[in-house]
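Q: Throughout the sequence shown, residue numbering follows the working numbering, covering 249 to 303 in sequence.
Any given hint could turn out to be false.
Listed next, with one range per pair, are the computed distances between beta-carbon atoms [claimed, not checked]: (1) Met263 / Leu296: 45 to 53 Å; (2) Ile274 / Lys302: 37 to 45 Å; (3) Ser297 / Lys261: 48 to 56 Å; (4) Trp285 / Glu254: 44 to 52 Å; (5) Thr286 / Lys251: 50 to 58 Å; (6) Asn273 / Lys251: 44 to 52 Å.
Taking lysine-lysine pairs in the DSS-like style, the calculated list, with each CA pair at most 30 Å apart, reads [unchecked claim]: (7) Lys270 / Lys255; (8) Lys255 / Lys272; (9) Lys279 / Lys261; (10) Lys272 / Lys288; (11) Lys279 / Lys255; (12) Lys272 / Lys291; (13) Lys268 / Lys279; (14) Lys255 / Lys268; (15) Lys270 / Lys288.
These are calculated hints, taken from the structure and not from any lab test.
Bear in mind that the values here come from a model prediction, so they are computed numbers and not experimental data.
Cβ coordinates follow ideal geometry from the N, Cα and C atoms, glycine included.
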Amino acid sequence: MEKSKEKSRIENKEMDIYLKNKSKNILEHLKRLNFLWTQKQMKDDFILSHIQMKN
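Given the sequences, and given the hints that come with them, work out the whole structure.
A: This is the structure we're talking about:
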């Protein structure tokens with residue numbers, strides 16, 4: 249009984265670590281997507297303003 253409790257505790261700790269790492273990776277990915285989206289928006293705005301200046 250005691251061994252299974254200990255095993256369960258270890259598995260829970262491992263799962264916690266796994267989930268924390270996964271969350272961190274997802275967060276980094278979202279930050280990167282947000283950065284890329286912002287860059288694209290800035291580029292689009294620049295092109296639009298350039299076109300408007302020509303007209």
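Q: Taking the hints in turn, state whether each one holds.
A: Hint check:
1. The beta-carbon spacing between methionine 263 and leucine 296, approximately 48 Å, falls within the hinted interval of 45 to 53 Å.
2. Taken as a hint, the range 37 to 45 Å holds for the pair isoleucine 274 and lysine 302, whose Cβ atoms sit roughly 42 Å apart.
3. Distance hint check for serine 297 and lysine 261: the Cβ-Cβ separation is about 54 Å, which falls inside the suggested range of 48 to 56 Å.
4. The hinted range of 44 to 52 Å is satisfied by tryptophan 285 and glutamate 254, whose Cβ atoms lie roughly 47 Å apart.
5. In this structure the supplied range 50 to 58 Å holds for threonine 286 paired with lysine 251, their Cβ-Cβ distance being about 53 Å.
6. Checked against the hint of 44 to 52 Å, the pair asparagine 273 and lysine 251 fails, with Cβ atoms roughly 33 Å apart.
7. With a C-alpha separation of about 22 Å, the suggested pair lysine 270 and lysine 255 falls inside the 30 Å cut-off, and the hint holds.
8. Taken as a hint, the lysine 255 and lysine 272 pair is honoured in the structure, with Cα atoms around 26 Å apart against an allowance of 30 Å.
9. Restraint check for lysine 279 and lysine 261: satisfied, since their Cα atoms lie roughly 27 Å apart, inside the 30 Å limit.
10. Taking the CA atoms of lysine 272 and lysine 288, the gap is near 24 Å; set against the 30 Å cutoff, the hint holds.
11. For the proposed pair lysine 279 and lysine 255, the alpha carbon gap of about 36 Å is over 30 Å, so the pair is violated.
12. Among the hinted pairs, lysine 272 with lysine 291 is consistent with the structure: their alpha-carbon atoms are about 29 Å apart, no more than 30 Å.
13. Restraint check for lysine 268 and lysine 279: the C-alpha separation of about 16 Å stays at or below 30 Å, so the hint holds.
14. For the hint linking lysine 255 to lysine 268, the alpha-carbon distance of about 20 Å falls within 30 Å, and the restraint holds.
15. For the hint linking lysine 270 to lysine 288, the alpha-carbon distance of about 27 Å falls within 30 Å, and the restraint holds.
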